[in-house]
Each structure stands twice: as C-alpha cells, then as structure tokens.
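Could you put the whole structure together from the sequences, leaning on the hints where they help?
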Amino acid sequence: MGQAEWATVPISTRDTKGPLFFTEHEWATVEAATARIIPTDHHPGAREAGVVRFIDRMLAGTQFVFPAADGKGFLRMEGLEEQAWQERIESRRTFYRDGIIELDAIAADAFGADFLNLTEDQQDAVLERISRKEKPTKFVFAESDGQGSGGAPAGNQPVNEDFLEFFPLLVLNTRQGFYGDPVYGGNDNRLGWRVIGFPGPPSLAATMDGSYTTLEYMIPEAEWPYEQHPAVLRYGDR
Amino acid sequence: MTTLKNPEPVDVVIVGAGAGGATAAKVLTEAGLRVVGLERGPWLKPEHASGDELKFLNRNFIWQDPKLKPRTYRQNDSEEAVVTNFSATPQVVGGGTTHWGGMVPRMTENDFRLRSLHGDVEGASLVDWPITYDDLEPYYTRVEWEFGTSGLGGANRWEGRRSRDYPTKPAPLSQIGRKFATAMDKMGHSTFPMPQGMVTEPYRGRTPFSENGFWQQYPDPGTGKSSTLISFIPDAVHTGLYDLRSDCYVSEVLVDKTGKATGVRYQDEHGNEFVQNAKAVIVCGGGIETPRLLLMSTSALFPDGLGNGSGQVGKNATFHQYSFSVGLFDRALHDPLYGWSGHYMNLCSFDFYETDESRGHILGSLIFPSMLGHPVNWSFPGRPTWGQAAKDADRDLFNYSMKIGILLHDLPVESNRVDLDPNVKDAWGLPVARITHTPHANDFAQEKWQVKKNGEILEAAGASKVVPVNMERITGNTSHELGTVRMGNDPATSVVDKWCRSHEVPNLYVFDASFFPTATGINPALTIMANAWRCADRIIAVDRHGWTD
Ligand SMILES: Cc1cc2nc3c(=O)[nH]c(=O)nc-3n(C[C@H](O)[C@H](O)[C@H](O)COP(=O)(O)OP(=O)(O)OC[C@H]3O[C@@H](n4cnc5c(N)ncnc54)[C@H](O)[C@@H]3O)c2cc1C
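Protein sequences, first through last, are from chains A and B. The first sequence maps to residues 1 to 238 in the working numbering. The second sequence maps to residues 1 to 549 in the working numbering.
Fair warning: there could be bad hints in the mix.
Beta-carbon label-pair distances, calculated as ranges [claimed, not checked]: (1) B:D330 x A:I101: 42 to 48 Å; (2) B:Q75 x A:K133: 24 to 30 Å; (3) A:K133 x B:L333: 27 to 33 Å; (4) B:L68 x A:I11: 23 to 29 Å.
Listed next, the in silico SDA-like pairs over lysine to any residue satisfying Cα-Cα at most 25 Å (straight line) [to be verified]: (5) B:K67 x A:I89; (6) B:K448 x B:T438; (7) B:K448 x A:E143; (8) B:K425 x A:D162; (9) B:K448 x A:F141; (10) B:K453 x A:A152; (11) A:K138 x B:D335; (12) B:K5 x A:E161; (13) B:K45 x A:I219; (14) B:K425 x A:F141; (15) A:K138 x B:P336; (16) A:K135 x B:H118; (17) B:K45 x A:E5; (18) B:K169 x A:I219; (19) B:K67 x B:R245; (20) B:K498 x B:H118; (21) B:K45 x A:L191; (22) A:K72 x B:R245; (23) B:K448 x B:G382; (24) B:K67 x A:E161.
Residues of chain A placed beyond 10 Å of chain B at every Cβ, according to the derived structure [as the list claims (entries may be wrong)]: (25) A28; (26) P153; (27) N189.
Derived from the structure by calculation, the hints contain no laboratory data. Even for Gly, the Cβ is constructed at its ideal location relative to N, Cα and C.
What follows is the structure in structure tokens.
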C-alpha cells in the first residue's frame with residue numbers, strides 16, 4: 001500500500017513500561033551515557049527527558065518510526081519503505097549492542113568496572129576514549145575558532161544517520177530524544193524544549209488546527225518599509 | 001505477474017507532478033485536453049502534515065529514502081562516484097513545492113542574457129536564453145495570482161516591468177527580519193519583504209498560514225502555503241480531465257519507428273508494468289531525474305538516449321549551492337531572536353545581485369536572513385556536541401542566532417553533468433543518476449565574497465561571533481537542480497527549443513527545472529511554473545493541431 005494509505009495504529013511509545021528492545025543492562029548503560037551527553041544541572045537533562053526510551057523505541061522495530069500527523073498513534077509502514085527501515089534498524093541495533101559492549105570494555109580496562117558503575121568523571125573519560133576526542137569545552141565568543149565538530153550546520157538537506165559510527169550516532173539520537181516531539185518517547189513533558197526556550201506546540205494536533213502560533217514572538221504591526229518602523233529603529237544607530 | 005490491460009490512450013501524459021508537471025496539467029486540462037499524470041511518489045494530503053521535526057527533517061517521510069533511491073557523486077571523470085543523498089528533493093505529488101521555503105522572486109532581465117553581458121567566460125558555457133523577461137512577464141503574473149503569493153509589488157527595484165502587484169500583502173516581520181533590515185540600513189543597503197508562495201490574507205477560499213514556524217521543509221496541514229498540491233493539482237482534477245496516478249514510476253519514454261514519442265512505460269506500486277500511450281509526452285521529473293529518464297530511454301533511433309543527438313542531455317548542470325554566515329549574539333546585550341517564529345526567511349536584498357566586477361567576480365545572489373533550524377537540527381560549526389558545554393551552548397545560543405544566506409549564481413560548465421551510474425542501481429533495478437561536478441573558479445570567488453559580506457552584515461547587526469559556512473564542494477543542498485536539458489535555438493548546443501520541445505522528437509517536451517540555459521541567483525520554482533504555463537499555452541494554440549493523426 002502506498003505511503004498515503006498507511007494505517008494509523010493507535011499505540012504510544014509509553015504504552016509499555018521499560019525496555020522493548022534493550023536488556024535491563026543495556027537500558028541502564030545507555031541511560032547513563034545519554035545523561036553525560038546532556039547532563040542534568042539546574043535544568044533537567046537526558047535522563048529526566050526519557051531519552052533512553054526514545055532510543056529503545058527507535059530500535060524496537062518499524063512500529064515507532066513515523067507518528068500519525070496528529071500524534072495519536074503511529075503509521076504502520078509497508079512495502080519497500082518498511083524494508084528499508086527494517087534494514088536500517090537492524091544495523092543500528094548492531095551499532096548499539098556492540099557500542100555498549102565497547103563502553104563496558106573500555107570502562108573495565110581503565111577503571112575495573114562496568115560503565116554504569118563509574119563516577120561521572122570516569123564515564124566522561126570513557127566517552128572521550130570511544131569518541132577519540134577530548135570532551136568539548138565551553139563555547140566562548142572570543143575563543144572558539146568556529147571550526148570545531150558541531151555537526152552539519154543547519155542547511156536544507158535531511159541529516160543522514162545511516163553512515164554514522166556508534167558515538168556520533170548516540171550523540172545525535174540523544175539530541176533527537178531530548179528535542180524531538182514527545183510522541184517519540186523522549187522530551188518528556190517537553191522538558192528539552194523548555195531548557196532552551198522553545199515554546200513548542202502542546203501537541204502535534206495543535207500544529208494542524210492552527211491553534212499553535214508563534215505570532216507573539218514577531219512584530220506583526222510592522223509595515224514596510226521596515227527601517228522606518230519604531231520597532232526596527234529602536235535597534236538602529238540613528 | 002498477471003497481465004493487466006493497458007490504460008486508454010490520452011492526449012498527453014505528464015511524468016511527474018511537481019512544480020513543472022502540475023502547472024502543465026492545470027493549463028492543458030483547463031483547455032480541454034485529456035491528461036494522465038504519472039507521479040512516482042505518494043499522494044499525501046494536507047492532513048498528513050504537521051510540525052514534526054523528526055519526521056519531516058530527519059526521517060525521510062517525504063524525502064526520498066537513500067537506501068531505495070540513491071544517487072552518486074564525483075568531482076570529475078577520473079574519480080569513482082560514491083553513493084550520496086545529492087540534491088534530495090521530495091518525490092511526492094506536488095514535488096519540491098510541498099515542503100519548500102516558498103521564496104518566489106522573479107528573475108531579473110539580465111538573467112536572461114548573461115552571454116551578451118559577459119561574453120565567453122573561460123571554462124564556462126554561458127549562453128543567452130532564447131526568451132526574454134518580457135516573454136515570461138505575463139506568466140509570472142498569472143502564476144503569482146493563481147498559485148497564491150504574497151509580497152510588495154515595486155519593492156524590488158532590480159525587477160523588470162511588473163504588470164500587477166502581488167495578490168496578498170507581505171508576511172509579518174520577524175525578529176531576524178528586523179535585525180537584518182536594521183543592519184542593512186546602517187550599512188546603506190536596502191531590504192524588502194521576500195516574495196513568498198504563501199497567502200497572508202484570506203484568498204480564494206484559502207486561509208493564511210497560522211505562523212507556527214513549521215514552514216521550511218514542512219508540508220502545510222492548512223492552505224496558507226502555496227504548493228502545486230493544494231493549487232494547480234486540484235484545479236486540474238476539477239476539470240475531470242486529469243487522471244493523476246500516484247506511486248507510478250516511469251522507466252522509459254517510448255518512440256515509434258518514425259521517431260515520434262508514443263507514450264511511456266511505468267510500474268505501479270505493486271510492480272505491475274503498463275504502457276500509457278498518448279499523443280504527446282511531457283517530462284517533468286526534475287533536473288536530475290529527467291535527464292536520467294531520457295538517458296534510460298534508448299532505442300535504435302536514439303541509441304544515446306532520447307532527444308540526445310546533440311549529446312547535451314544531462315550536461316551544463318548547475319546546483320545553486322546554499323552558503324551562509326552564522327551570527328551568534330550575546331544574550332546579555334540583545335533581545336532574543338526567536339528564529340523559529342514565523343516562516344524561516346523573511347526579508348531579502350538584491351543589492352549584491354547584479355555583476356560588479358570590482359568584487360573580483362561576475363554575477364551575484366539575493367541574500368536573506370533565516371533561522372538556524374528547529375531544536376534537533378539547530379547547529380553551527382564549532383558548537384560543542386556533548387556534555388555540559390553542549391547544553392550551555394544550546395541554552396545560550398538557540399534563541400540568539402541567525403544566518404544570512406546566499407544562493408550561489410553558479411556558472412554552467414559543460415562537463416558538469418548528470419548521467420547514468422554504471423555500477424549503482426535503485427531498488428527497482430534501474431541505474432541511478434550520477435552527478436559529476438566541479439565548481440567554476442568564479443563560483444568559489446562569488447561565494448567567498450558574499451559569505452564574507454554577510455558576515456559583515458551580521459557584525460553590523462551586533463553579532464558577537466560570526467561563523468562563515470563556505471562551500472567545499474557542491475552538495476546540491478538547495479534542491480535547485482537546473483540546466484540539464486538546455487533550452488536553446490541551436491539543436492547542436494541545446495536539447496529543447498524555446499518552447500521546451502525536443503529538437504528531435506516533435507511531441508516530446510521537458511517543462512521542469514532542467515530547461516534552464518543558465519542558473520540564476522534566486523530560487524527557480526516561480527520561473528519553472530511560469531515557463532511551464534507559457535509552453536503549455538503554445539501546445540494548446542499550435543502544437544496539438546499537429547498531433548492529430
Ligand atoms: C527544502 C526545500 C526548499 C525549497 N525552497 C524553495 C524556494 O523557497 N523557492 C523555490 O523556488 N524553490 C525552492 N525549492 C526548490 C523547488 O522545490 C524545486 O526547484 C522545484 O520543485 C523543481 O520543480 P520541478 O518541476 O523541476 O521538479 P519537482 O517539483 O521536484 O517535481 C518532479 C516530480 O517528478 C517525479 N518524478 C521524477 N522521476 C519520475 C519518474 N521516473 N516517474 C514518475 N515520477 C517521477 C518526482 O517524484 C517529483 O514529484 C526548495 C526545495 C526544497 C527541497
């Protein structure tokens with residue numbers, strides 16, 4: 001059946017408690033690792049936002065790939081697209097399973113315990129080793145050379161995760177689980193959005209019926225030519 | 001496979017239902033012709049759309065899945081091409097217009113005569129268009145009014161004569177628009193509202209966009225955004241003469257012994273194969289898929305691909321690389337920019353559009369400010385990727401960043417091209433498009449200069465840090481794939497004539513982005529649609545009388 005006819009299955013990423021794909025150990029390890037990628041400070045981090053659930057649901061199969069537009073369930077994929085996603089998920093599963101084994105191996109080698117049981121600083125050291133780079137330092141306007149590894153700068157094209165190694169994949173998925181729509185299982189209570197000051201829609205449905213708008217963050221009363229408008233001039237030098 | 005009956009022959013079969021194909025369908029059916037449209041993608045409806053960043057930006061719900069529809073890229077002939085997602089463009093009913101930014105400026109008069117203005121530029125294949133701005137002007141106006149646009153007529157003083165204003169007023173000003181206008185004003189430059197494929201007032205039964213920020217790369221669940229999916233396709237369907245079959249993949253254009261096109265071969269979603277016969281064939285698959293289809297359509301009369309006697313099919317490809325400077329603002333000194341509010345871009349300037357040789361290069365681009373993206377995909381080079389530093393950067397800069405972009409007005413180079421990859425096949429077993437491309441030196445010079453200038457504008461706007469994002473190579477990141485089936489008067493150096501009709505096959509046409517003889521420094525879709533309308537008018541008035549057997 002063509003993509004336009006895919007049926008909506010009214011399931012949610014939260015229907016089941018706990019892991020669908022990971023073992024308990026894997027779940028706990030990924031949760032700990034994501035909590036170092038987006039740590040908890042005076043604001044919640046990856047752990048509170050349920051990022052591990054996001055990753056687990058992504059790896060569970062093709063049932064949680066595409067939510068229905070209004071977020072009330074997921075689309076049942078079919079045909080070639082489903083096969084392609086099945087393949088993609090298989091290979092990501094391997095990345096995660098092998099990656100977790102590697103995290104534990106590095107942890108055992110360096111500190112004599114599983115990744116999960118290390119201190120935060122020790123965990124960071126393991127992540128440095130697996131990423132083969134030093135832990136990123138704070139961005140400072142004056143110092144940053146702007147040439148670092150910030151990932152693809154926002155352009156027009158979709159981000160292709162298919163060729164990523166384990167660590168960059170984990171980092172990207174953590175970001176997706178923290179900032180993606182809550183229907184995917186992460187960004188619990190829209191915590192991720194609140195941390196950075198993105199109002200975000202209360203639900204996907206609210207982006208469909210027009211009830212969610214960002215007009216209040218704009219300057220609707222400004223008429224062209226804008227440079228003569230007081231709201232613009234306020235920031236001019238004249 | 002059971003043998004199924006071929007469908008009834010019709011007047012015209014159109015491959016693809018994007019910008020070009022849907023416009024042709026509307027014009028032809030409204031004139032009473034029977035048209036079959038074959039579109040390889042699904043017929044998604046507005047109710048399939050919502051503000052879901054992962055689905056529409058990261059997980060190919062409408063972008064092509066690179067596992068099924070790969071493309072390959074190499075810089076030059078001596079390299080082996082590698083699989084990439086080059087110039088991904090949604091393959092759905094509505095094509096690239098479904099989830100586009102909807103910037104719809106008109107080309108300038110000079111864009112039509114680059115060779116007259118610049119002569120032979122070494123290493124480039126510059127030509128004049130066989131038509132002028134005046135030939136297209138009435139059609140620009142028709143598209144602006146039928147498709148639904150917003151803007152301010154006369155605000156762009158580089159624009160040629162305009163016979164009518166825009167149907168709806170400019171979109172509301174965003175904070176990044178304000179920053180841009182103010183900085184440009186300070187530097188003595190001008191700005192004006194970006195003409196957009198959106199309605200900002202109730203218009204012909206359509207409701208304006210709700211301004212929720214889910215615009216660029218998102219299809220619209222409402223009717224505010226103009227796309228062929230909600231405008232020209234429904235118009236054509238309404239005539240009762242347009243049979244649009246989605247999920248139908250055309251693999252060959254067929255010809256008879258006399259060298260006339262007879263129709264196309266296609267597969268439906270179940271893999272059943274059909275032949276659709278028609279009196280004429282219009283190919284509108286986009287600037288990469290169209291040359292690919294013509295090159296796949298070989299026969300005794302056309303061993304090198306259909307209509308390719310000149311050997312020009314696929315050549316002179318340009319891709320409008322999108323480059324920009326990112327500005328990061330110190331939150332202690334500035335109000336938040338809220339880049340995600342409104343609709344991606346807002347204002348623009350043409351002050352750097354026309355050639356000024358004192359810059360050290362020819363040609364130029366429109367420039368426009370925009371956001372860096374929604375939370376998941378928001379990024380700039382140098383952003384810390386993980387740990388406390390990453391969280392701090394997101395928190396401090398997400399609402400305090402913007403970019404000013406350019407669309408490279410790249411020079412056509414004959415060897416920059418699309419052909420069939422000898423090694424890689426798609427999920428249907430057909431050879432994929434291979435892109436061979438090295439930018440002309442002028443492209444690099446132009447891009448460097450403008451990205452630096454955009455950085456200066458951001459500094460004037462008060463940015464504490466400017467990060468230039470220069471191109472290393474062409475990636476096709478604008479999805480503006482142009483020029484691969486050149487329009488021209490001379491059959492030796494072009495593929496289609498000034499009516500976008502094949503020089504060799506009298507009832508074969510190409511109305512999508514591939515006809516562009518040279519690129520522009522602006523977005524192409526308005527011109528694609530205006531040109532498709534112009535050429536479809538010609539079919540109605542002249543050509544179809546020659547098709548009758
Ligand atoms: C994110 C994004 C933003 C953009 N923003 C703008 C903008 O602001 N302004 C602008 O002017 N342009 C913009 N564009 C570009 C614009 O969308 C394209 O230039 C335009 O759609 C090209 O029109 P076309 O008719 O050549 O091809 P398309 O619109 O791409 O249509 C081609 C159609 O043909 C179908 N097809 C291809 N091969 C076959 C086959 N063998 N059988 C059956 N069907 C086939 C495809 O599935 C597709 O639907 C944007 C593009 C993207 C991706």
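The hints, checked one at a time:
Checked against the hint of 42 to 48 Å, the pair B:D330 and A:I101 passes, with Cβ atoms roughly 44 Å apart. Distance hint check for B:Q75 and A:K133: the Cβ-Cβ separation is about 28 Å, which falls inside the suggested range of 24 to 30 Å. The hinted range of 27 to 33 Å is satisfied by A:K133 and B:L333, whose Cβ atoms lie roughly 32 Å apart. Roughly 26 Å separates the CB atoms of B:L68 and A:I11, a value that falls within the hinted 23 to 29 Å.
Of the supplied pair hints, the one linking B:K67 and A:I89 holds, its CA atoms being roughly 12 Å apart against a limit of 25 Å. A threshold of 25 Å between alpha carbons decides the hint, and for B:K448 with B:T438 the separation of about 16 Å falls inside it, so the pair holds. Pair hint B:K448 plus A:E143 holds up; C-alpha atoms about 23 Å apart against a cutoff of 25 Å. The suggested pairing of B:K425 with A:D162 holds, with an alpha-carbon distance near 18 Å, which does not exceed 25 Å.
With a CA separation close to 23 Å, the supplied pair B:K448 and A:F141 stays within the 25 Å bound. At most 25 Å may separate the alpha-carbon atoms for a hinted pair to count; B:K453 and A:A152 meet this at roughly 22 Å. For the given pair, A:K138 sits about 22 Å from B:D335 by alpha-carbon distance, which is consistent with the 25 Å threshold. For the hint linking B:K5 to A:E161, the alpha-carbon distance of about 42 Å lies beyond 25 Å, and the restraint is violated.
In summary, the hint linking B:K45 to A:I219 is not supported, as the alpha carbons are separated by about 31 Å, beyond the 25 Å threshold. For the proposed pair B:K425 and A:F141, the alpha carbon gap of about 47 Å is over 25 Å, so the pair is violated. With a C-alpha separation of about 21 Å, the suggested pair A:K138 and B:P336 falls inside the 25 Å cut-off, and the hint holds. Simply put, A:K135 and B:H118 have alpha-carbon atoms about 51 Å apart, too far for the 25 Å limit, and the pair is violated.
Between the alpha carbons of B:K45 and A:E5 the distance comes to roughly 10 Å, so the proposed pair stays at or under 25 Å and holds. Proximity of B:K169 to A:I219 is assessed by CA-CA distance (about 15 Å); at most 25 Å being required, the pair is judged to hold. The straight-line distance between the Cα atoms of B:K67 and B:R245 is roughly 24 Å, inside the 25 Å bound, and the hint therefore holds. Between the alpha carbons of B:K498 and B:H118 the distance comes to roughly 22 Å, so the proposed pair stays at or under 25 Å and holds.
In summary, the hint linking B:K45 to A:L191 is not supported, as the alpha carbons are separated by about 31 Å, beyond the 25 Å threshold. This hinted pair does not check out: A:K72 and B:R245 have alpha carbons roughly 29 Å apart, beyond 25 Å. Between B:K448 and B:G382 the alpha-carbon distance is near 19 Å, which keeps this suggested pair within the 25 Å criterion. Taking the CA atoms of B:K67 and A:E161, the gap is about 12 Å. The hint holds against a cut of 25 Å.
The Cβ of A:A28 sits about 19 Å from the closest Cβ of chain B, beyond the 10 Å cut-off, so the non-interface label holds. With a cut of 10 Å on Cβ distances, A:P153 falls inside the contact zone with chain B, its closest approach being about 5 Å. Look at A:N189: its CB is around 15 Å from the nearest CB on chain B, clear of 10 Å, so calling it non-interface holds up.
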